[in-house]
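Peer 1: So you can see what is in the structure, the chains are spelled out below.
Protein chains: 2
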Amino acid sequence: MTVESIITDMARAAKLAAAKLARFSSEEKNAALKRIAEKIVEDAESIKAENRKDLDAARENGLSAAMIDRLTVSDATIRSMADGLREVAAQEDPVGTADSTWIRPNGLEVSRVRIPLGVIGIIYESRPNVTIDAAGLCIKSGNAVILRGGSEALHSNRALAKAISESLADAGLPETAVQIVPMRDREAINHLLRQDEYVDLIIPRGGEGLIRFVVEHSKIPVLKHYKGVCHLFVDQSADFEMARAICLNAKAQRPGVCNALETLLVHGEVAAAFLPDMARQLLEAGVELRGCEKTRAIVPEAVAATEEDWPAEYLDLILAVRVVDDMEGAMDHIARYSSQHTEAIVTSDYGRARRFCREVDSSVVLVNASTRFNDGGQLGLGAEMGISTSKLHAFGPMGVRELTTTKFVVRGSGQIRT
Amino acid sequence: MTVESIITDMARAAKLAAAKLARFSSEEKNAALKRIAEKIVEDAESIKAENRKDLDAARENGLSAAMIDRLTVSDATIRSMADGLREVAAQEDPVGTADSTWIRPNGLEVSRVRIPLGVIGIIYESRPNVTIDAAGLCIKSGNAVILRGGSEALHSNRALAKAISESLADAGLPETAVQIVPMRDREAINHLLRQDEYVDLIIPRGGEGLIRFVVEHSKIPVLKHYKGVCHLFVDQSADFEMARAICLNAKAQRPGVCNALETLLVHGEVAAAFLPDMARQLLEAGVELRGCEKTRAIVPEAVAATEEDWPAEYLDLILAVRVVDDMEGAMDHIARYSSQHTEAIVTSDYGRARRFCREVDSSVVLVNASTRFNDGGQLGLGAEMGISTSKLHAFGPMGVRELTTTKFVVRGSGQIRT
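Read top to bottom, the protein sequences are chains A and B.
Number 304 in the working numbering belongs to position 304 of the first sequence; there are no gaps in the numbering.
Number 113 in the working numbering belongs to position 113 of the second sequence; there are no gaps in the numbering.
With the rest of the complex left out, here is chain A:
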């Protein structure tokens, strides 16, 4: 068997499984999710044993401590994966619900009904918990899934996939609804990206390099999650205390994630009043400040920002700070440097709040709240598959609903066109 024929066979099997999976009730799908949650706890020892093979190889290959940490499957990781599956089971099932129904003048009753997408391919990097999260969201939404995890996690992912398939069989669902690419060859990705006959959507989860590679090579539509260069604009009418709490939370609560703040923009009229205390709080939290000239005149601790700082996604305790003339200046800066992920304003002015919401072209726009709320769980969508920064199909956090589409169901009594 060549890599190509293995991938093609998997894609074909996924398509057949998807057709079956679309017909299962929410109850049956939820039972399968709960069975997987039980099973990975039952099989914890063998899963951890397989994970140790990956960890040994990782140490041999000199992977960083951070990478090894992300790769590790502990009892706590397994419990957390099982909890995640139970949460997904508890969510609403969008499949089969009508978004809207209307009657045409000729009596036709038209409904837009939610259906699964079909087959989803997910290409991700090292963390084995993505295997469980992604499988759970796909089963819930009635989609078959082909998973291609990081090659350094292959033993772990195979062990998890085995637990999933056995649980699906226990629950009477098609075992091939969840499949994992069984080989390390990078070639497998290229073949997967050309299965447009069988696969409906590709979701890459990982660094920008991976995502660009997938977009460049895929014949299948791709949901893209690029950088999060998130901005906070402190307007002249802002409540300073609120603005400082939001800025500190957005930057420092968890700096390594995509919805963390990267650039603070401050209205020129209030910069001298707002920035000194803000800077002190940020410096105390260990944040390095990189400021424009006007910022540095107020905050001497800030190092000089260069043109490279404005589009930077630091994912670290570093914050770019710029004093702007007014809201226009802030929105121009955002239009130029933002990655269309998340932008926030702190203001007490009704008109500017309204205008910021309407005119800022990002997936999540917030007034008087932390950028850290761009997250499926925080916004009430439930568990998510990532945050789309492109506008087709889904823009922003992608929950179970974003893994479905709609078809039209039309009920008549003999209508013909005249």
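It is possible that part of the hints are untrue.
No copy labels: a pair is met if it fits in one copy or bridges any two.
Computed list of lysine to aspartate or glutamate pairs in DMTMM-like fashion (alpha-carbon distance at most 25 Å, straight line) [said to hold, decoys possible]: (1) K15 with E313; (2) K407 with E359; (3) K407 with D349; (4) K407 with D99; (5) K227 with D69; (6) K53 with E384; (7) K227 with D239; (8) K227 with E197; (9) K20 with E87; (10) K15 with E359; (11) K407 with D375; (12) K219 with E208.
No lab work stands behind these hints, which were simulated from the structure alone.
Mind docking chain B on chain A? Use the hints.
Peer 2: Chain B only, in chain A's frame:
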């Protein structure tokens, strides 16, 4: 200027225009649409003069009478384009409306708000009226558009684009919101398909060859409209008279369009009772019948269908007819040969109607109604940009709403994550 630099400049200008266009009110956009409708009537003589250049060249190049007919811009064509623009102006504007709004336990108010996609590239074949239809739908939905029409219609399209740009300027909207690729080189399409920095969506409108070319070469997401291999299943419980009226309408009312019927499936138990009258009516309407063996035993006028008939999109007065054992057989046939466009059942059985709607995986599924209703106008969506046969972003007819997406607007009072 190279072709590449011209296309890149157009794409950049479109992006700037899109940012402005997104902020205009419905009233302003509708005024622009109405101004274009007036203007093309005012400029009818010069538009027809430019069209004559295309027609002369078409005759010289020996284009078919049908092609020349589609290329011709008459006073009636212009009136019809103007009427279309006024209809689009009268439709609801989705931009800025919230699909839904909810409150989180911490008081955050979350809305999903409709926004334009940004810049749309439309690649189409000869009919110049697409230039006006597409421009109208894009302006309405707040999107800038780059149009690449058939090279044989270039003079006509340039004249229409000139009228559009002048009308946009009259109405105070950015002139570059609608641009037409000004050269015939096929190379221009390749460059357009690589402007993923500026262009958000590509919609090809034309034959399958064009669409496959675009999908193969585009770095930008593509909304695909492949074939319409539409099926009608006449169940054993069908009202025969209703079934015959629907079949005749679906096949013969306008055989050259994508929602016309291509294959009739008849339940074996009623084939002998249903088919003779059905066949007579179809033959009287000039329809050639291509039947399976069982069909031919009942309808001797039918020629023998081959394996090539089942996936065929005839777009002509030809109908494939197959007798199936039961509904299962009909759904298996559909799953195998359908293009996921439109399928209908005629039945009086509640359970089978319900099952057909749930299990048939096509963009429009109808009970007791003609396949010809898969059309934006007929389903109540207003004018459409085509019918998507792939599931991402839109599945089925694409109206103004399908040219938008949603962003999340989050209103708070100082919320941070803990």
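Peer 1: Now tell me, hint by hint, if it's right for this structure.
Peer 2: Evaluation of the provided hints:
When the C-alpha separation of K15 and E313 is checked against a cutoff of 25 Å, the pair qualifies only between copies, where the shortest distance is 23 Å, while the shortest distance within a copy is 38 Å. In this assembly of identical chains, the alpha carbons of K407 and E359 lie at most 25 Å apart only when taken from different copies (11 Å versus 31 Å within one copy). In this homomeric assembly, K407 and D349 come within 25 Å of each other (Cα to Cα) only across copies, at 22 Å, whereas the closest approach inside a single copy is 43 Å. Proximity of K407 to D99 under the C-alpha cut-off of 25 Å is found in both arrangements, the shortest distances being 10 Å within a copy and 18 Å between copies.
Taking the shortest alpha-carbon separations for K227 and D69, only the intra-copy value of 23 Å comes in at or below 25 Å, while the best inter-copy value is 50 Å. For the homomeric pair K53 and E384, neither the shortest alpha-carbon distance inside one copy (29 Å) nor that between copies (56 Å) is at most 25 Å. Taking the closest pair of Cα atoms, K227 and D239 never come within 25 Å of each other, the shortest separation being 29 Å inside a single copy and 58 Å across copies. In this assembly of identical chains, K227 and E197 lie within 25 Å of each other by CA distance solely across copies; the values are 14 Å between and 30 Å within a copy.
Proximity of K20 to E87 under the C-alpha cut-off of 25 Å is restricted to the intra-copy arrangement: shortest distance 24 Å within a copy versus 42 Å between copies. For the identical chains of this complex, K15 and E359 are inter-copy neighbours only, at 14 Å across copies versus 41 Å inside a copy, given an alpha-carbon limit of 25 Å. In this homomeric assembly, K407 and D375 come within 25 Å of each other (Cα to Cα) only across copies, at 13 Å, whereas the closest approach inside a single copy is 27 Å. For a Cα distance limit of 25 Å, the shortest separation of K219 from E208 qualifies both inside one copy, at 19 Å, and across copies, at 16 Å.
The earlier numbered hints that this structure contradicts are 6, 7.
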